[in-house]
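Colleague: Each chain, written out:
4 protein chains.
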Amino acid sequence: MIIVLKPNAPEKRIDELITEIKGIGLRVDVSRGAEQTILGLIGDTISVNEVRFEKNDIVAKVMRVQEPYKKANRLFKPEGTVVRVAGESIGGKRLAVMAGPCSVESERQIIEIARQVRKAGAGFLRGGAFKPRTSPYSFQGLGEEGLELLILAKKETGMPIVSEIMDAAVLDKFVEHVDIIQVGARSMQNFSLLKELGKLKVPILLKRGFASTIEEWLMSAEYVMNGGNENIILCERGIRTFETYTRNTLDMCAIPIVKRLSHLPVIVDPSHGTGISWLVEPASKAAVSLGADGLMIEVHNCPDEALCDGNQALTPEQFEIIMQKLGPLAELEGRSI
Amino acid sequence: MIIVLKPNAPEKRIDELITEIKGIGLRVDVSRGAEQTILGLIGDTISVNEVRFEKNDIVAKVMRVQEPYKKANRLFKPEGTVVRVAGESIGGKRLAVMAGPCSVESERQIIEIARQVRKAGAGFLRGGAFKPRTSPYSFQGLGEEGLELLILAKKETGMPIVSEIMDAAVLDKFVEHVDIIQVGARSMQNFSLLKELGKLKVPILLKRGFASTIEEWLMSAEYVMNGGNENIILCERGIRTFETYTRNTLDMCAIPIVKRLSHLPVIVDPSHGTGISWLVEPASKAAVSLGADGLMIEVHNCPDEALCDGNQALTPEQFEIIMQKLGPLAELEGRSI
Amino acid sequence: MIIVLKPNAPEKRIDELITEIKGIGLRVDVSRGAEQTILGLIGDTISVNEVRFEKNDIVAKVMRVQEPYKKANRLFKPEGTVVRVAGESIGGKRLAVMAGPCSVESERQIIEIARQVRKAGAGFLRGGAFKPRTSPYSFQGLGEEGLELLILAKKETGMPIVSEIMDAAVLDKFVEHVDIIQVGARSMQNFSLLKELGKLKVPILLKRGFASTIEEWLMSAEYVMNGGNENIILCERGIRTFETYTRNTLDMCAIPIVKRLSHLPVIVDPSHGTGISWLVEPASKAAVSLGADGLMIEVHNCPDEALCDGNQALTPEQFEIIMQKLGPLAELEGRSI
Amino acid sequence: MIIVLKPNAPEKRIDELITEIKGIGLRVDVSRGAEQTILGLIGDTISVNEVRFEKNDIVAKVMRVQEPYKKANRLFKPEGTVVRVAGESIGGKRLAVMAGPCSVESERQIIEIARQVRKAGAGFLRGGAFKPRTSPYSFQGLGEEGLELLILAKKETGMPIVSEIMDAAVLDKFVEHVDIIQVGARSMQNFSLLKELGKLKVPILLKRGFASTIEEWLMSAEYVMNGGNENIILCERGIRTFETYTRNTLDMCAIPIVKRLSHLPVIVDPSHGTGISWLVEPASKAAVSLGADGLMIEVHNCPDEALCDGNQALTPEQFEIIMQKLGPLAELEGRSI
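Chains as they are written, first to last, in the numbering used here: chain F, 1 to 337; chain U, 338 to 674; chain Z, 675 to 1011; chain R, 1012 to 1348.
Looking at chain F on its own, in the form it has when it is part of the complex (with noise of 0.2 Å):
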């Protein structure tokens, strides 16, 4: 941490300041200028609050020359990180895909969509139950009935399941049965939700939220792992900008730029990232070109039917589709789907 002084700070006070620095265990090492004085804070600064120092009225800034995350920081843990889940695993050689319906319906649809995803390549299953939705009068998902009907699917075809929590009061049910916990855009900043899932094991994908910096976002995913959970999954699905023709504008280049930062493995949610079914596949190309360790893909059985956000569904013939043209893509990448 760096504390520029203002100039012409009187000796006694800067003196005071260097003695308070060193009192809460830091080493100070000061660069005296013609003009400005700077002092440099060596030590453990992740949680000192600059605030402190930026009251001070002998202070002109105060900068951090560190990311404030550790644990999601891969300076610390140089290796990626692979999360295994039900014999799956994300972060390994081969792209994990999450293929379903927005939401789930009813047990043929979500028993349909499942095998038919399956077949066409999927490892999980996705499905939300409980939905958010900006108005109330839209429809709110089936809840725990959705629920059931998801871990029907999953004991039908195997496959592990992805679902959304918007609320640690159904925490019970979905540890219990749900393979990935999903927490949303909307959510990615709700901490007490955060801090019960890191009392899990359970693995938890995490979206960025909408209009949240990818430091806020690995900020979220240390306050998971600060719990104890590391079973975590990035997963961008846009953000919002001025652009109004993509409900948000997907942020690609989050993906390396999330490598390089963290250890975590990320995907990337085509579907909700650009609203728009004929995106999902060249934005799921350009994913796998990117480095993305898997995506999430909206599919359903109907499109032209479905209660929520049938616009970005694709249906299982058109996914089919797309997980063949990405198989030679994720080759050049060294990676399989």
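In short, the hints are calculated from the structure, not lab data.
Please note: incorrect hints may appear among the correct ones.
[Unchecked claim] Each computed DSS-like pair below joins lysine-lysine, with the alpha-carbon atoms no more than 25 Å apart:
id, chain 1, residue 1, chain 2, residue 2
1, Z, 767, U, 662
2, R, 1206, U, 343
3, R, 1033, R, 1017
4, R, 1017, U, 407
5, R, 1033, U, 343
6, U, 343, R, 1088
7, Z, 869, R, 1206
8, U, 408, R, 1017
9, R, 1336, F, 325
10, F, 6, Z, 744
11, U, 662, U, 456
12, F, 61, Z, 744
13, R, 1072, U, 407
14, Z, 869, R, 1184
15, R, 1184, U, 343
Knowing the structure of chain F, use the given hints to seat chains U, Z and R on it.
Modeller: This is chains U, Z and R only, laid out in the frame that chain F set:
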């Protein structure tokens, strides 16, 4: 709702679509152009999901002509809502000023600040017990102990209290003692929480999400109101933009806009909205001139030592000066403070 | 400027870097930590390109500690600049109000509006002759003919005129007749144009680019000042955000911020900033309360028939009412209007 | 175009409005609801200004149902445009790669780089002579001398050259010698310049403004095409968002979107789009997978000493490696490089 059909949509398909629309209880007016046919849907379309039409391959575009919120809409309740709580009111002639520390830190701190802000004219005491912090290594608030101290300060001073809830798990305690339950920016779309709050009668202070549109904000109010709780106070607190000088960009014009679109009272939080203490005075003055129904201001007896957001907190003396300056401005708006 | 070195940077390389820095005339202070060494560069670093250091493979990070603008910086000129033009001044006690139509449309129109806004108290007549329009199919302004009509209105009423330049090719005509040359938001980083304007003495009204930071805006002022023309008036006119209700989001807090960072006067354009005529009054009031040195307001004798931006224009009667309301607010700020 | 009337609009006023619309040569279809009446305007509405209707006090809302661009619209020219220049083409089967330094710095530098990028497979040499820089204290390019050096490199290597124009004043020189004239992001809405370029036959590389929507970008292409020059190459180069890790956020999905909306070729500039040299490879791969027609990449023989943007430049060796990796990806898209 307007449905624009694609050029050359076959008559038979158009007829089927019209039959489908009538089947859900709406009237249809058909406007046939040389190139495009347009359908006007007449009736209660708020709960109709446009996706079902967008997915129809003869449809080019679906457009809504009405706001998607009803209970929060001024159209259906032209006079402004006044929220009454513990002898005070928000939305009436007198501006509601909520002041206090970002975090409750100790008995002495909160009681001292409460007395000072009360003396300076604040009507409500704000104080955080549960704090949403980006980093797990930052101070997270005193939790239930903080709430107890806040309740103590309420007893000591008689001031109604405002505090943020992050988790429905502690709702009972809030309901019993907290006069206004605050929903923070990061929780604005925590729909599970909003539904719980909809079952109460306690007034809810609903902060705008930092990346939420005005319409989404009003939709979140609609969630609570749809549950039965119409005591909502909206609070503008800045949005995320590309500008980095301030922590957020206060969307000042949102005040008159929300007042026009909705009957709910709206206040402004210039402390979080800017993150800079010397901006609180000018931003507060602007808010009053723009018709805000009140202000939420951070005051700390010792901002330099605040455990949280000290950079934006005012001293009680600074707060008092602002209160005095706001008086004549409020008067110009036909209000008092 | 601060250079943070990577852990384990070899001593030899550090010495070479220090020699390089000294070679460009700067002093270096070295702060050696257990893990990281930090170099403090002392001297005139404004013209030093940090990239040369960032590319050095022993360097982890380069950080600037000073603002990159000098001539526009209040640090080097504490008292505010007052721009004087044709007997009027901007930045002084009296607020500068520039009013008139978006586009000059006819002799009768511009003279009639000029008389009306003058009567209502405006000090300057604004009118567009060359209009930047997103579509080539929209009205592009009357061009030189429009400028002639504006000059005519100036002769008739004695009001100094403000008009936007889009192209240095017509600069001579502007220099001869236009009292304040406006640089529009889309031209804020037209550096060729800024350099030409720097050679003049005519005051320049520099609008903020709709996606420019406050620092970039001040850097554009620096371009003109660096050329020798220090008569700059800054104008906040809204930034582009995700919110779509208003055309732009007025960054109201930019007013007190710019007043603190720079000595240049700053005015606000609530008409373009919001794009909605009924927001002009509240936004103007807020601007005055925030310390703006003036306003630029669109007034049209017949907004319904305006060839450009009629949605945001006020009638002369509405303008007059606003001017009356602003009086007491200006007085509270120790200003007049 | 759709006009939604306010509830209870008087019949007489509705009739007057219909008469007005017919008067400008459009047909009107009227759809009367219980609460609201809607008018459908049939005919060529692209040049109709919606404001004239929005200002009518019986009108609630005006909505466009067609894109506002014609000449750039794929609807009116389904097959893709191939721009041909100096024996090379852009938009055809072979990807167009433009490589070279941000700034031309010396004869030796530009000729050396030209030879190297040509050897690695680049079809075009890019080099900046006139540089748009945020700070007046940064290197502004060699100007006309730089252009001469670029022309020299063209003679030496036979490569067609691409260079940015900032000012119509030097247009003649560009027309005579530059094969593709680049319009930079900051000039995308320099409408005076666009009109001048519309009079030429020289191909124009039109970069997307960093805060421009896709529609505004296509409207700027429309400006040039409307003047008669249909040789436009679009170039995505990143947009401004809240994320600060990269200089801009590359809007990767804009590639397939623009390909669908328009018949014009589109390339990507991953160097400016990210500002980070190690992101150029993954971003280039993604661009190819997304269907881009080419790439513009910064290559410098000595990035550490580059006078401009050295942080994002590749060495010729790094560039060669990327070119090799792109080959198989292009092949998967049915393209070559």
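Colleague: For the pair supplied as a hint, residue 6 of chain F and residue 744 of chain Z, confirm whether the alpha-carbon distance does not exceed 25 Å.
Modeller: holds (17 Å)
Colleague: Holds or violated: residue 869 of chain Z and residue 1206 of chain R, Cα atoms, limit 25 Å.
Modeller: At roughly 22 Å apart (the allowed maximum being 25 Å), residue 1206 of chain R and residue 869 of chain Z satisfy the hint.
Colleague: When you check the alpha-carbon spacing of residue 767 of chain Z and residue 662 of chain U, does it fall within 25 Å?
Modeller: Status holds; Cα separation ~19 Å.
Colleague: Holds or violated: are the alpha carbons of residue 1017 of chain R and residue 407 of chain U at most 25 Å from each other?
Modeller: The given pair, whose Cα atoms are some 17 Å apart, holds under the 25 Å limit.
Colleague: For the pair supplied as a hint, residue 343 of chain U and residue 1088 of chain R, confirm whether the alpha-carbon distance does not exceed 25 Å.
Modeller: holds (18 Å)
Colleague: Please work out if residue 408 of chain U and residue 1017 of chain R have their alpha carbons no farther apart than 25 Å.
Modeller: holds (20 Å)
Colleague: Is the hinted pair residue 869 of chain Z and residue 1184 of chain R satisfied, with a Cα-Cα distance of at most 25 Å?
Modeller: holds (20 Å)
Colleague: Can you confirm whether the C-alpha distance between residue 1206 of chain R and residue 343 of chain U stays at or below 25 Å?
Modeller: violated (34 Å)
Colleague: Is residue 1033 of chain R close enough to residue 1017 of chain R, meaning Cα to Cα at most 25 Å?
Modeller: holds (20 Å)
Colleague: Does the structure keep residue 1336 of chain R and residue 325 of chain F at a Cα separation of 25 Å or less?
Modeller: Given that 25 Å is the threshold and the Cα spacing comes to 18 Å, the pair holds.
Colleague: Keeping to a limit of 25 Å between CA atoms, is the pair of residue 662 of chain U and residue 456 of chain U held or broken?
Modeller: Distance ~15 Å between residue 662 of chain U and residue 456 of chain U Cα, so the pair holds.
Colleague: Taking 25 Å as the top limit, are the C-alpha atoms of residue 61 of chain F and residue 744 of chain Z close enough?
Modeller: holds (18 Å)
When the structure is compared with the earlier hints, violations turn up for hints 2 and 15 and for no others.
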